[in-house]
Amino acid sequence: MTTNGITFQGAGVGYGTRVVLTGVQGRMNPGEALALVGPNGSGKTTLLKALARSVPILEGQIEGIPDTIGYVPQSADLDLTFPITVEQVVMMGLYKQIGLARFPRKAHREKVASTLTNVGLLSRAKDRFGELSGGQRQRVLVARALIAQPKLILLDEPFNGLDQPNRDALLGIIRRAKNDGTSVVVSTHDLSLAYDVCDQAILVAGRQIAFGPVREVLTPKLMKQAYGSESLETEACELATCDDSHKQRGEVA
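With full-length UniProt numbering applied, the sequence shown corresponds to residues 1 to 253, in that order.
Do not rely on the hints blindly, as some may be mistaken.
Claimed, not checked - Below, a list of computed lysine to any residue pairs in the SDA-like style, where the Cα atoms sit at most 25 Å apart:
no., residue 1, residue 2
1, K111, P66
2, K178, L191
3, K178, F211
4, K96, R176
5, K49, P83
None of these hints come from the bench; they were simulated from the model. Since the model is a prediction, treat every value here as computed from it, not as a measurement.
All chains should be built: construct the whole structure from the sequences, respecting the hints.
Here's what the structure looks like:
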């Protein structure tokens with residue numbers, strides 16, 4: 001199914017009959033990045049899982065979820081001691097195309113090489129996955145999610161613990177995905193990330209507090225409502241001020 005965007009219509013998501021996050025209302029267009037922001041336990045991961053069709057939508061609707069989705073969860077689902085190479089991890093993203101009982105063809109191997117080039121790790125293709133740094137492993141998992149050319153990619157706290165080079169590399173990956181028309185939903189506590197690469201934000205705390213352009217959602221007032229945290233309120237204020245100064249100078253924030 002092609003999609004003209006994803007529309008949330010009073011959506012509530014959860015487990016069994018228990019709603020974890022309610023009242024999600026908004027729309028994201030193809031090629032946009034949506035920052036999913038809120039305190040721990042606020043329903044961010046549950047919403048990502050609902051978009052991945054692994055937990056039910058219990059209230060309202062979410063329309064326009066594409067058929068091809070790439071999902072990168074918080075915790076790596078691979079044993080770091082297992083002797084699997086970087087290129088084999090990325091190839092896992094093509095198993096639906098290849099089939100479990102078949103060997104990859106030349107076209108599949110070329111696609112792996114192209115995707116590893118995109119994430120800046122082609123030179124590590126033959127290395128064991130477990131030998132990479134945490135940031136490099138994260139980029140490999142993103143490559144695995146991207147290789148099947150999904151229309152939607154879901155990233156759950158992808159920037160946690162990353163050093164600046166890996167952070168910058170991952171920001172570049174998200175920007176290129178957007179340029180290719182892929183929609184991106186990224187769960188994060190990093191407000192500067194939202195300002196750097198996201199078009200919209202949704203702020204949640206068991207319910208939707210706000211959904212819309214980043215600088216209209218991640219305001220000091222709304223952040224305090226979600227977190228009750230002076231530090232995040234201050235960070236939101238500093239980022240909003242920085243964003244305003246960019247706009248006044250005609251720069252792209």
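Tested hints:
no.: 1; hint: K111 / P66; result: 22 Å, holds
no.: 2; hint: K178 / L191; result: 19 Å, holds
no.: 3; hint: K178 / F211; result: 19 Å, holds
no.: 4; hint: K96 / R176; result: 24 Å, holds
no.: 5; hint: K49 / P83; result: 29 Å, violated
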